[in-house]
Structure formats: C-alpha cells, structure tokens
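Chemist: Taken in order, these protein sequences are the chains called E and B.
Letter by letter, the first sequence follows residues 930 to 1436 of our numbering.
Letter by letter, the second sequence follows residues 27 to 161 of our numbering.
There are no misleading hints in this set.
Below are the EDC-like pairs computed for lysine to aspartate or glutamate, each with C-alpha atoms no more than 20 angstroms apart in a straight line:
| hint | chain 1 | residue 1 | chain 2 | residue 2 |
| --- | --- | --- | --- | --- |
| 1 | E | K1186 | E | E1227 |
| 2 | B | K87 | B | E124 |
| 3 | E | K1389 | B | D42 |
| 4 | B | K87 | B | E99 |
| 5 | B | K28 | B | E112 |
| 6 | B | K88 | B | D107 |
| 7 | B | K28 | E | D1302 |
| 8 | E | K1051 | E | E1008 |
| 9 | B | K28 | E | D1323 |
| 10 | E | K1408 | E | E1379 |
| 11 | B | K100 | B | E86 |
| 12 | E | K1186 | E | E1288 |
| 13 | E | K1246 | E | D1263 |
| 14 | E | K1322 | B | D34 |
| 15 | B | K28 | E | E1319 |
Don't read these hints as lab results, they were simulated from the structure.
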Amino acid sequence: MFWSVIAANKRKTVLLIVLMGFFLISSGSMIGMALADAQHPYAAGLIGAAAAGAVWVVMLLVSLFASDSVLLGLTHAREVTRDMYPQLINVVEEMVIAGSLPHMPRIFVVDDPSPNAFAVGKSPEKSCICVTAGLLALCDRDELQGVVAHEIGHIMNRDVLYMTVAATMLGSILFISDMFVRSFRYTSTTRLASRSRRAGGGAAGPLLIVSLLLAIIGPILARVLYFSISRRREYLADATSARLTRYPEGLASALEKIGQSPVMLSAAPSAVAPFYTVNPYRQHISSGAFATHPPLSERIQILRAMSHGAGYTDYLKAYARVTRRRRALLPPADLTERGKVDIRQASRDGCSAPATRAESLRRARDIIRALNDFAFITCACGLRIKVAPEYPKDRIACPRCSRVHSVQRSGAAAVGSVLSASSAMGAPAAARVVCPDQGGGHPSERAVQEARFVPGRWQKIACEICGHGYEISPRFSGKRLVCSGCGAVIRFSRAAGQGGGSSDISA
Amino acid sequence: MKCPQCSDILLTLEFDRIEIDYCPGCRGVWLDAGELGILLERDGKEALLLSAPGSVRRKEKKRACPICSRGMEKVLMTGSDVLLDECPSHGLWFDGGELSKILEAECGDRGEEDRTGGLARLLDEIFTPGKEERT
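If we strip away everything but chain E, and leave its shape as in the complex, we get:
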C-alpha cells in the first residue's frame, strides 16, 4: 500500500471538486452575462451561475453515489458469475487475496472485440472490475492476471475514487461548454452581432470575448489537469501488478498484445478513457499533455527490465533505468517492502487454455448477448441465428434454408444453453487442449447429441456442433452417427419395433 499516494488521491479529490465547482460556476455566470440583454447582465449572470451550480451539485451527487452504475451503463457492461467465467473469477479472487482487499469487487464484461479493462468505484469495498470480451479472447491466464492485478492496483491506491469523481466533473464541464457553443452557434450569432453594432462595440464585445475564451480554455484546462495526473498512477498500478502476480512478463505481454490489436473500442465515451488499462483512443492522442496514459512501449520496457525481482523496489529501479527520469515515482517512506520478491515461473495452464481466439471471443460475446436478452436459434440446416431483443417480429425465416422459426427469448436461461453450446463448440478441433488429468477418451466422444429419427422416410438432420448436414435414408438402421465434420456423436431415438439394427455408421 502506498499510503502517501492514497492520501494524495483523497486530498486531490476534494481539491478537484472545489476547483471544478469554481470553474463551473464562473463559466456559467459568464455565459449567462454574454447571452443576456444589455440592461440586466448581472441578473442573467447570477442565473447562469445558479444553473451551473445546480449542475455541479447534481454531478457531485452522481459521482459520489451512482458513478459506478453510470460509467458501467455508458460502456454497456454486464455483470458475470462464476459459471460463466470461472477462470476470470478465480484470477480476480487470487489478486484480491494477494492485494488484501477487504471485499471482492463485482466483475463485469463489456461486449467489445477490442482488448481492454478498467475499474470503477469510490472505495475498495464498493468497486467493480470490467474487462472486454476481446481481452478474454486474447489473453492467457498469466496475461489476464497481470491486467486484473493492474486494476486491483488502481483500486488499492484509490485511483478509482479520484478518477471516478474527475470523470463525472469533466463530463459536466464538457456538457456546459457544449451547450454554450450550440446556443451560440444556432441562435445568438446574428443577435449578438447586431447588438454590438448598435452599442458601438461597447460592453457586449469584451464580455463576448471573455466568455468565449472561458468556454474554450475551460475544457482544455480541465482535460490537461485531469489527463496529465493519471499518468504516474499507471506506472504505480503496473508496479502493483508486478508485485501481486510476481510475474511482470504477464502484464508486459498483455500490454503488447493490446497494443498490437487493430480493433478500436466501440463503446468508450471520452470521459471513460482514462479508466482503461490502455488508452482506447491511442491512435488519435498518443502523447503530450493530453495523453491519459504513458506510452505503451515504455511501460512494457520497464516491466521487461525487471530481471532481478518482482518487488516495488525492482520496478522503481527499472523505471529509473528505462525512463532516465530523476524524479522518483514514490517517496522512499512509502516503500515498506521487506526482503526480496522473486519472480515466479510462468503458469502451466494447459487445461484452461482457450482453444482459439475466435472461439473464446465468440463465447464471450455470446454470453453477453444472452445476458442482453438475445434469442439463439439453431436451425436444422446448421446456421446459428442470434436475434437482438429489438427484433420486431415473433417469427424468423432462416436465411439459408428458409425454415421458419419462432423467436423465443429465454432471458438468463439462455446463458446456460450458450455455455453448454460453447463448451461443446470446437471441442474436436485440433487446437483444443485436453487436460491429461481429466481422463476420458477423445474429446469428440464426449460431445453426444440426441436426434429423433422417424423411420420410413427421408429425413434431414444437422450436427448441432459444426452444422454439417445429413440426409438420412428411410432404410438407415443404425443407432448413432459419427459426424464427419467434427467427430461428434449423434445418437438416434426411434419408435419401438423399428429398425433394430446394431450397426454404427461413420459418415
């Protein structure tokens, strides 16, 4: 625990609230005065200030009491449970124990193919960790652990408190200046210009300039202040991650993968940007005063330079060596670490390795879709149709074979079916890693499906796993069929007295 960092974060939070209040109220009054009639500029200024003050109070209340739900709502995150993501929950639990957090954070997943993660909440007791589906698909266990530990670091250092308040405050400033710019552009341009001509360039001119300046500089200042502060804390969260996992390479390789991913976050409002492990807008704003995050390459370099140990002191040494900055990241009094923290070996997670990136991304997105009330229809022709809750009709024709299906939404129950489908999905693929401890035969033999067979006529069936289609002859007398596409077993149930053959066929 970095006590001075925690204290500084709390202090800065209060200071920020006061400063932002001052900014908001003064810019509100300026805007009011600029837009008012020439006779009553001060009354209008007061009204503007009062309006801005009201907005400030509302934003303050929201940021202190409802910020997590607002921010999670903005990113469309959904809470997940152990059955859905046992590995993710295990990793978070390990890191919570390693970091001695008083409470297990709630865990959310965002339906987004871009890999990233963030944490919100005003205290370690009430915090949430949010990862994207892309991250789950891209990272192995060690990398996921590194990213989760980075977020736990933010929670431990109370960065999330400061950032949550700052994000809401920044949002309010941007909101007010945006309103001003809009009203100025659409309604007052002509009125103000004619008025200043009438007044002979009197009071309205300077007032207009001042308010314009305020409206332009205010948000810029707010951003510079807010963004620049979050850089040092990223280094410290990286240090915490290395210390908790005792494996700096995990986070380093996760950051590298995230940096190389070409996919951009689709649902990240700019106010949420600083929360993420890696800045989602990295292509546009990469460095300088506006950067919310230090350069990725530097963070990776520091983590990889920690060759002698995984402790805080090792991180600080690596930081000094790589960045060549004289100013230390932490005051020496904060380093309470005793002894040496050794780097552990990479974990052998053969059992839990996701089959392929595509499969785990699909699985993650399907789970979120199921949570979002999508309907899942598997057509007999093998096509899987995922229907959004907004879809207006009750019936749907399969685009492939034109069979008509009724759209039934089973809500949370769908999650179970997605889980069973996705665990069977791809099971026979060569890339699937089978844990030797689990025993059992070839994985394909564990995927058994039931199908009804009516003897006496031609019948079409499809493998539920790979979608491979079969046409069954009326003279078929077997009990089961091994799918030639994926190796899964399709077992037939038939009316008594029919068939009776014992031949197993392999298609």
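With chain E's structure known, arrange chain B on it following the hints.
Modeler: Chain B in isolation, oriented as in the chain E frame:
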C-alpha cells in the same frame, strides 16, 4: 444494430465458427472489425483482400456506421469496381450481393476445389443450401 441502408434490425449469423451480421431486408452484410481480425488469422489472403481497400471520393450519400453512427467512408475494392462503406475503427458494410461478388471474382478463377477459404465457404454455404451429404 441497425442496417445502415434500410434501418432493419440486423441478425447475427454464425456458421462454421464465422460470424456475420446480416440484414434480412436488403441482404446486406456487416463484417465486424473483430471478425475481420479473426478471418485474417484463419485465412490470411482472403481477409487481406478485404482489409486493404483504397479510399475514394464519391458523391454517393454517406451511410452511418451501425456501431458508432458516424459517417462511413466510401472505399473501392482493389481490383474491382465494387464500392463499399468502411468505418475505419469498426468494420465494413457490403450491400446485398457485393460480398459474394467480390469473393466470386477473386476466388472463382482458382476453380471450385480451391475455394476452401472460410469466408467464401461461409457465404456459399449460407446462401446456397442443399449441399448435405447423403447417408
């Protein structure tokens, strides 16, 4: 997600571990950037073809990206005259039949047996049923 052309709700179709978003109204196809990345890993050539189109200026009306609602850029497919809509960060939109036309043009020359690329097969499979095996 809504169709950029006719505002119908898009359906997500999954076949052989590839996923596309399909508009039942105009038969247009949306290829997610994430999906494109997966395709690039699976069968490089084909996806590379889709991931590197050249941008052009056309007077055609800009369509909104189904994810971020910003105007998409008009891009011209390399080696063909098919005009697509691209959102640089989220994906590609193909009007009804465009995607099959491109893949036809590119993969058709190599003969039927060579057409094992995932996307071409997927579209082929999705839109031409009745290729089941007889048992």
